[in-house]
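Chemist: Here is what each chain is made of, one letter per residue.
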Amino acid sequence: MTGSRMDTRPDESDVNQPVLGFVGTGRWAWRQLTSMRTALFLLLLLAIGAVPGSIWPQRNIDAGRVADYLASHRSAGPWLDRLGFFDVYSSPWFAAIYLLLFVSLMGCVVPRSKIHWRAMREQPPRAPGKLERLPEHGQIEVDGAPEDVLQVARDVLRRRHRRVRADGLSLSAESGYLRETGNLVFHVALIVVIAAVAIGHLFGWRGDRILVTGKSFSNTISGYDTFDPGPWVDTAGLSPFTVAVDRLDVTFEEHAGGAQRGAPRDFTAYTRTQASPDAPEIRQTLKVNSPLVFGGASVFLLGNGYAPVITVRDAAGQVLLHEATPFLPQDANYRSVGAVKVSAASPRQLGFFGFFLPSEYLDKNAGPSSFFPDLKNPALALGVYEGELYPQGRPQSVYTLSTEKMTQLKNAKGEPLRLLLKPGQTIALPGGRGSITFDAVQRWAGLSIRYDPGKILALAGAVAALAGLIASLMIRRRRIFVRVRPQGRRTVVSMGGIAKGEDPRLGAIIEDLLGTIAERTGTRARRTDTKAERTGTTV
Amino acid sequence: MTNETLAQYANLGVYSAMVVFTLAMVAFAMDLAGAAPRLSAVAPDIEVQPALVGGGPSVSGTAARIPVEGPDLPRRRKAAGVAMMLTRLGGLLLIAAAAMRGLSVHRPPLGNMFEFALVGCMFVIVVFVAFSLRRDLRWLGLFVVGPVLLTLGLAITVFYTDASELLPSLRSVWLVIHVSVATFSVALFTIAFSVTILHLVKTWLEAQEPEGMSRVRTVVNTALPPARSLDRTAYGIHAVAFPLWTFTLIAGAIWAEQAWGHYWNWDPKEVWTFVIWVIYAAYLHARATTGWSARSANYLALVGYAAILVNYMVVNVFFVGQHSYSGM
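The listed protein sequences derive, respectively, from chains S and D.
In terms of the numbering used here, the first sequence opens at residue 1 and continues consecutively.
In terms of the numbering used here, the second sequence opens at residue 1 and continues consecutively.
Everything labelled a hint here was simulated from the structure, so no lab data went into it.
Hints may be right or wrong, so weigh each one.
Stated by the list, open to error - Here chain S is said to cover these stretches of chain D; the calculated rule only asks that three of the stretch's residues, wherever they fall, bring their Cβ under 8 Å from a Cβ of chain S: (1) 159-166; (2) 187-201; (3) 312-321.
For each residue, glycine too, the CB sits at the ideal point set by N, CA and C.
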């Protein structure tokens with residue numbers, strides 16, 4: 001069956017080869033894994049494996065879209081889920097690819113480092129017998145005795161070559177060790193980057209908090225809406241900083257038309273911060289692209305929205321609820337959803353659920369909508385429910401109402417009651433249930449707080465990888481050999497060169513070196529042969 | 001505030017550049033078509049050693065089909081000269097268009113797909129013109145100006161976005177660093193892609209018997225440099241573009257850390273930048289591996305360029321992510 005194989009190397013699957021023992025099989029597997037072919041195959045597999053994560057929604061980025069996808073693809077969805085297509089980058093098969101790749105990489109880097117270490121300390125090999133047989137060759141005749149010329153050649157070679165070996169009337173020099181050094185640095189640095197990512201996962205944490213203007217929050221787990229620590233994070237030892245947002249300025253595109261209209265243009269949060277309870281209070285502005293920094297943790301401004309200030313009173317005029325309630329934007333024009341839960345209402349608890357619209361208009365199909373993200377015509381459109389807000393005390397989102405134990409209030413015609421409130425407006429609820437007032441609109445800032453102890457290491461690794469990569473691609477490993485022989489009173493200098501891989505500049509370098517030697521010996525260069533010219537190395 | 005008049009002048013610059021590039025393309029094509037070897041009419045002028053060919057009356061019949069080329073008969077390449085001049089002019093028009101577009105919105109013109117395409121085309125032409133000062137690249141002209149013209153056409157029609165200010169997350173010095181280097185390396189990958197395709201064509205032609213070749217094939221075969229040299233050029237450009245792409249990736253990660261709080265979050269654009277990086281890394285490894293021919297490695301480079309096209313045209317428009325700045 002070997003006839004169809006493309007390579008001519010001995011077939012490793014030959015039937016009559018000796019039976020491998022456990023160690024032998026292990027060694028064989030190791031050699032397979034660390035071969036360049038396998039590395040290439042794994043690289044391509046990594047590229048292919050990464051693609052599904054850009055096509056299907058990912059849980060770590062947007063769990064809501066994954067849920068939507070599963071709801072609308074009832075047959076394919078669960079299978080994709082089982083295969084890890086919604087958590088590609090934490091799926092076992094993706095991990096298997098990159099772990100194998102890194103084992104393969106280690107298996108390549110370690111022995112090559114050893115070889116390179118030895119090569120850097122070794123003398124270059126002796127000059128071969130016939131220099132003119134090398135890929136590039138040049139020859140000149142200069143004044144002076146062979147020994148003197150050899151000394152000059154040696155000095156000339158020394159300037160650009162790490163090692164020069166003298167051997168009778170010939171020299172060998174080698175340059176470009178940095179190529180392999182760069183290559184090894186690149187691969188080791190990639191391992192450092194992976195290690196840094198792992199450190200970030202284990203010791204890093206992130207938390208999110210929606211903060212209405214005028215309020216403050218402190219960096220404790222209870223201060224967050226969501227908190228996502230790495231497995232080895234000491235959650236009791238978070239640094240005790242506080243952030244208060246006094247004002248949030250938001251600008252949207254008003255002038256351009258088309259898709260650009262209403263696009264956000266600027267977000268600026270004016271904050272007061274304290275690094276610890278005893279530290280002085282500092283006023284800082286927080287913008288997108290310029291986070292607040294507390295030690296290792298950074299506070300980012302990643303979201304914004306509206307929090308209408310709502311007051312609910314009972315029939316006697318007693319205030320049951322008065323607060324700014326954050327609503328979550330659903331589209332580019334900030335049509336936002338939210339819920340107001342009045343647990344103090346009696347005899348039955350009251351819940352309001354609906355939309356906040358910064359620029360309200362009535363769409364024929366979609367109902368109350370917004371035509372612009374800024375406050376041009378703010379309004380609240382709410383439905384009213386009564387009953388039990390928290391059935392069995394189960395945890396629930398603050399932005400939605402759990403209506404399973406509640407009933408919707410109806411108007412006189414028997415249709416569901418809908419309230420449309422403008423700022424300052426009060427509407428009395430039917431049946432003596434009190435009233436609701438829309439006092440004012442505030443903004444909220446979506447703060448995301450991240451701590452990643454691995455990021456500096458990741459950056460250092462990435463920069464080292466880039467430096468190593470440039471060295472390994474731009475530097476050429478070359479060997480230059482020189483031989484001198486007397487020709488009457490003068491000396492013939494013969495020089496040959498060979499490079500690892502293709503090297504279009506080798507011929508020019510030999511000419512350059514020969515020219516320098518001629519100059520140093522005080523001779524006008526007289527070339528007797530230059531292979532570079534004969535073969536023509538120009539592209 | 002945007003300056004609408006300046007933005008319109010920028011578009012005018014793009015249209016003018018397209019006209020100039022169209023003319024340049026025609027001139028380049030005429031030059032390549034002129035690369036046909038002189039046939040029988042010229043053959044008697046050349047010393048054909050009868051002993052080498054076989055002697056006797058059969059000489060004329062064979063000699064008529066032997067392509068004659070090289071320094072003996074330098075081809076007058078007026079069309080190529082005109083084409084190069086036009087390409088330089090088109091390049092200047094693109095630079096002016098990009099500058100006016102930038103001035104009209106008071107920022108670097110790197111904010112949406114139209115601007116990426118415009119600046120990318122500008123880089124391609126600038127690199128080509130700069131490179132052609134050192135080497136004879138007249139054979140490549142058609143295959144650089146052609147794709148540029150196509151891209152500009154797409155940019156001004158399909159990808160066109162009104163001049164406007166940027167989203168807050170794009171307002172950063174990293175926009176200039178990250179996006180300009182990304183665009184520049186894509187420009188280099190584009191030229192390398194053209195050269196790689198030409199290498200495959202030339203390799204295919206070199207494997208054929210010169211006698212049996214059709215006229216078109218003979219013309220193409222004569223016009224292109226040897227396959228080995230094409231291959232070396234393509235590799236050289238890739239070797240410069242890949243570190244630049246690596247830099248793009250790192251700079252993007254630094255910026256992402258500042259703007260979104262995480263340096264890597266597997267956003268679709270990040271995924272594809274990574275995929276492109278991995279494919280070209282595989283290409284460079286394949287080049288360094290004995291047992292892989294230059295040709296199969298070059299197929300990897302083509303796959304890499306396909307991924308670049310996906311990254312630009314599919315990911316920007318259709319995939320949901322944080323890089324959705326296409327303006328469409």
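Chemist: Each hint needs a verdict: does it hold in this structure or not?
Modeler: Verification of the hints:
Given a C-beta distance limit of less than 8 Å, the hint that chain S covers the segment 159-166 of chain D holds, as 6 residues qualify and 3 suffice. Under a criterion of three residues with beta carbons nearer than 8 Å to beta carbons of chain S, the stated coverage of the segment 187-201 of chain D fails, only 0 such residues being counted. Closer than 8 Å: that is the beta-carbon criterion, and the segment 312-321 of chain D has 4 residues meeting it against chain S, so the requirement of 3 holds.
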